[in-house]
Amino acid sequence: MDRFTRRSFLTTSGGAALAVAAPAIIRPGWAADSVKLGCLFSSSGTMANIEGRLNYVVRMAADEINAKGGVNGRQITVSTSDPASDWPLYAQIGRQMLQQDKVAALFGCWTSVSRKSVLPVVEQNDGLLFYPLHFEGEENSKNIVYVNSPPTSSVLPAVDYLMGGEGVGAKRFFMIGSDYVWPRTINKQLKAYWKGKGIAETAWREEYVPLGFSNFQTLVNQVRAFAAQPGGQPIVVLTVVGSSIPDFLREFANQGIRATDIPILGLDMVEADLEGLDTAPLVGHLNCWAYLQAAKGERNQTFLKAWADYVKAKNVPFKGDVVIDPMVSAYDSVHLWALAAAKAGTFDVPEVRKAFAGLSFDDPSGYTLKMTAENNYVSRGVFIGSVNEKQGFDVLWQSPDAPKPVPFGI
Amino acid sequence: MKVAIGALLALLLWTGAASADALDRGAFAAALCGDAASLGNAAEAVTGRAADLSAEDLAWAAQPLRGILERRLVCLGTSAILLDRPGAGEGRSVVSGDPQPAAGARASVLGLRQRALVETADGVLALLTAPQVDVRAAGLRAAERRIAAVPDGVFARAEAAETDAGLKAAIASVAEAAALTSPDPQRRLAAIARVAGAPSSNALSRLSALKADAAYAADPAFRTALDAGIARVERAVAIGNGLAILYNGLSFASILFMAAAGLAIIFGLMGVINLAQGEFIMIGAYATYGVQEALRIVAPAWLDLYLILAIPVAFLATALVGITIEALVPRHLYRRPLMSLLATWAVSLFLINLVRVAFGTRNLQFTMPSYVSGGVALYADFVVTWNRLFAIGFAAGTLVLTLLILRATPLGLNIRAVTQNRDMAGCLGIPTRQVDRLAFGFGSGLAGLAGVALAPIYSVNPQMGATFIIDSFMVVVLGGVGTVMGTLVAALGVGQINVLIEPFYGAVAAKVIVLVGIILFLQWRPEGLVAARRRR
Numbered sequence: 001m002d003r004f005t006r007r008s009f010l011t012t013s014g015g016a017a018l019a020v021a022a023p024a025i026i027r028p029g030w031a032a033d034s035v036k037l038g039c040l041f042s043s044s045g046t047m048a049n050i051e052g053r054l055n056y057v058v059r060m061a062a063d064e065i066n067a068k069g070g071v072n073g074r075q076i077t078v079s080t081s082d083p084a085s086d087w088p089l090y091a092q093i094g095r096q097m098l099q100q101d102k103v104a105a106l107f108g109c110w111t112s113v114s115r116k117s118v119l120p121v122v123e124q125n126d127g128l129l130f131y132p133l134h135f136e137g138e139e140n141s142k143n144i145v146y147v148n149s150p151p152t153s154s155v156l157p158a159v160d161y162l163m164g165g166e167g168v169g170a171k172r173f174f175m176i177g178s179d180y181v182w183p184r185t186i187n188k189q190l191k192a193y194w195k196g197k198g199i200a201e202t203a204w205r206e207e208y209v210p211l212g213f214s215n216f217q218t219l220v221n222q223v224r225a226f227a228a229q230p231g232g233q234p235i236v237v238l239t240v241v242g243s244s245i246p247d248f249l250r251e252f253a254n255q256g257i258r259a260t261d262i263p264i265l266g267l268d269m270v271e272a273d274l275e276g277l278d279t280a281p282l283v284g285h286l287n288c289w290a291y292l293q294a295a296k297g298e299r300n301q302t303f304l305k306a307w308a309d310y311v312k313a314k315n316v317p318f319k320g321d322v323v324i325d326p327m328v329s330a331y332d333s334v335h336l337w338a339l340a341a342a343k344a345g346t347f348d349v350p351e352v353r354k355a356f357a358g359l360s361f362d363d364p365s366g367y368t369l370k371m372t373a374e375n376n377y378v379s380r381g382v383f384i385g386s387v388n389e390k391q392g393f394d395v396l397w398q399s400p401d402a403p404k405p406v407p408f409g410i
Numbered sequence: 411m412k413v414a415i416g417a418l419l420a421l422l423l424w425t426g427a428a429s430a431d432a433l434d435r436g437a438f439a440a441a442l443c444g445d446a447a448s449l450g451n452a453a454e455a456v457t458g459r460a461a462d463l464s465a466e467d468l469a470w471a472a473q474p475l476r477g478i479l480e481r482r483l484v485c486l487g488t489s490a491i492l493l494d495r496p497g498a499g500e501g502r503s504v505v506s507g508d509p510q511p512a513a514g515a516r517a518s519v520l521g522l523r524q525r526a527l528v529e530t531a532d533g534v535l536a537l538l539t540a541p542q543v544d545v546r547a548a549g550l551r552a553a554e555r556r557i558a559a560v561p562d563g564v565f566a567r568a569e570a571a572e573t574d575a576g577l578k579a580a581i582a583s584v585a586e587a588a589a590l591t592s593p594d595p596q597r598r599l600a601a602i603a604r605v606a607g608a609p610s611s612n613a614l615s616r617l618s619a620l621k622a623d624a625a626y627a628a629d630p631a632f633r634t635a636l637d638a639g640i641a642r643v644e645r646a647v648a649i650g651n652g653l654a655i656l657y658n659g660l661s662f663a664s665i666l667f668m669a670a671a672g673l674a675i676i677f678g679l680m681g682v683i684n685l686a687q688g689e690f691i692m693i694g695a696y697a698t699y700g701v702q703e704a705l706r707i708v709a710p711a712w713l714d715l716y717l718i719l720a721i722p723v724a725f726l727a728t729a730l731v732g733i734t735i736e737a738l739v740p741r742h743l744y745r746r747p748l749m750s751l752l753a754t755w756a757v758s759l760f761l762i763n764l765v766r767v768a769f770g771t772r773n774l775q776f777t778m779p780s781y782v783s784g785g786v787a788l789y790a791d792f793v794v795t796w797n798r799l800f801a802i803g804f805a806a807g808t809l810v811l812t813l814l815i816l817r818a819t820p821l822g823l824n825i826r827a828v829t830q831n832r833d834m835a836g837c838l839g840i841p842t843r844q845v846d847r848l849a850f851g852f853g854s855g856l857a858g859l860a861g862v863a864l865a866p867i868y869s870v871n872p873q874m875g876a877t878f879i880i881d882s883f884m885v886v887v888l889g890g891v892g893t894v895m896g897t898l899v900a901a902l903g904v905g906q907i908n909v910l911i912e913p914f915y916g917a918v919a920a921k922v923i924v925l926v927g928i929i930l931f932l933q934w935r936p937e938g939l940v941a942a943r944r945r946r
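Chains as they are written, first to last, in the numbering used here: chain A, 1 to 410; chain B, 411 to 946.
Just chain A, same shape as in the assembly (with noise of 0.2 Å):
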């Protein structure tokens, strides 16, 4: 080996910083005289294929509103980013897109983790965060919109479902998620739910992989292990994300167990994990949102419409008839942020966050949402969905309005 000269040191390290710092490069839309956005999704890493279709949308619903003459006479241009699923830089590109590009709002965000990287940065500036994804609760911050719903609006109503004589009379539960803030919290609160309904501790068994993992083979074994036990009927609540997901269905299928047998209730899968799988012995595994590609309704058609166009005519690298509940909150986020700002007359976030009170928005959904001036949570419908052969949901079961979310204790 060379010598270690203190030249080819420099080099060496220069360039290394070069290309740690090289995704950190924003893309701005510039115009003049406009309002600026920030999107705080990674194209790349291990969320890339479900986050990245999310600064797509936004840059959608900008558009939308930008047709319609914009807001407060000023036209929106929306900046994206990619903070590569690393969560510090997400807060580091936030910080630099609130501090230096002085955007508006941001929206960003998927993994709970990511958020909470987030959080001390928006609190630090004032700004706004958009947070499109459903999440364990536990936190009310005022720059923050929670967009999507806490637990006691999507992850309860499903349990209750698995667990009443409409589901599958649920008696036992294995928790398989990722190891992070999000799969750890709300086990948690499920475990403290079911020992609220006197159901003893031998009843559920809690297992978790690193992020990215995919080999599942051993816990697969363990679930048909754990099903076969007396005690009444199992069920798998599942919270690991990104790729892990359909990895697990792979394994879960290969080895032969059926929904009928042991239904997956899938709190992160979207329409868009079922990509690249064959679904067919899949039929019948759940999951929990605030949205549903087949929701009914007039809104839902005109914006699965909308998004196919769009793909088509900005060449979009994602699905055009695929659509997930968090791009339909992103798109909500953009949306709900315009009505504020116009209602304020103004984009400072003091006077915005003030406009949130009472704001009311038809999204696609086919519900209502509603801001209140109690905190920054916006209430959803809850959609129960039910694998198809078609690498989709069927609306299993849902609620007949928008609960009012709850952001503290179960």
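Hint data in this document are derived by calculation from the structure and do not stem from the laboratory.
For every residue, glycine included, the Cβ atom is placed at its ideal position computed from N, Cα and C.
Each hint can be trusted.
Computed list of chain B residues with no C-beta within reach of chain A, every gap over 12 Å:
(1) L486
(2) G563
(3) L577
(4) S592
(5) G607
(6) A638
(7) A641
(8) R642
(9) I649
(10) L814
(11) R817
(12) T819
(13) G822
(14) Q830
(15) T842
(16) M884
Listed next, the in silico DMTMM-like pairs over lysine to aspartate or glutamate satisfying Cα-Cα at most 20 Å (straight line):
(17) K68/A x D362/A
(18) K319/A x E703/B
(19) K305/A x E64/A
(20) K921/B x D179/A
(21) K390/A x D494/B
(22) K296/A x D445/B
(23) K921/B x E206/A
(24) K390/A x E480/B
(25) K404/A x D160/A
For this one, chain A is given, so just place chain B on it according to the hints.
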């Protein structure tokens, strides 16, 4: 509306009670078009009466039930219409068989409870009425899945009517196993023996449940038989679990080995830490996708063979990419290992982004041929999944190929010579530069082969390579730099230990423990498991 369905349901259940009666077809069809509960009850009721309904009624009821599962049954109000294919505009009325337009009709979504009931009913009716042997056999399997819900007489009736000798025996054995709770003690003993003869953890819990039975305390013969049966099943389940651990470890090891084999050659020969190796795997998987898409256009009938046809294509494609990259980047950096590490990292980022721009970030859609989907329960709870077996076989093939090339060809001789002493090999007239290039191509090609084998197991997207690079380095360093056998032993060890630890400490801890173990091992034996003989 609700009242009407309730009345229909009551009628249906009432006819159920008077078992000699024929099926009320109108009420049955209407119940299928009622709410979820009425649909489930109708399916359950028809299963319950399957032993004594007339063959015509059963054959008739089998049609709409199969239609529900295939999404061919739609409802207009309470009138059920059976379509020829899902989404057709016109079908036939279930009750009368007359053509009926289906515009505006709704297809019901099955809840899990209803799906189980309908599948069981469909299986039972198929077993009793289907004209084809394989459909009847499939029906038997469906009925066996929920054996407790199937009434006694069904198997007797099916066995009596069965013409195929093999299936007849299969029905008899299922029927024998179904009699666990029969009032006849002789039949119960036979059932215990039968259930214990097909051991699984399900069988174990079925037998264990009998310990609470009154006969267990009262009848010593029953107790001995049951205890013996349970012991037998427990032993089989333990053996099955042992086999499963071995298989899981072997499968993980095969993946590790394939990812690491190419790296071992490149690293061993040139000392180049090739961080782009994972991306070569990704390129191999994308080449497999290319072969699939090409076959879809050129010869759709041969589509199932794309995995086999992709073997040479992926190997050559990745080898070509490898040789090109070698000529462009690491060639200039052979004397500077740190630089070559950074340069290959840059290559890996470049390849990821190139593929991302060209194909997008989404998971690629592979059609899974039957030889890599599903699995077979081999012994007790031990399931052999075909995609993993494919990977294991593939890894074995790769191993043989690699050893043959290294040990039995002039190229292999040259590679070994250059690995052991580059300068001396050069003095003896071996074109070391050319050997480098070919070996780099060969190593990349092996990574491409790994891509073919991994396509049925993992999601294929631009990032997939990153998953393997750390694991494969771990294996190469542990095995001893530059030896294929060392890599093999290390892969087997790491795979097996990982799988052994996982059930006790979880997947996260398993990774940490293995990593710490390797670090400690390398402290003690820095040259790895198998040290290559070399003079520098």
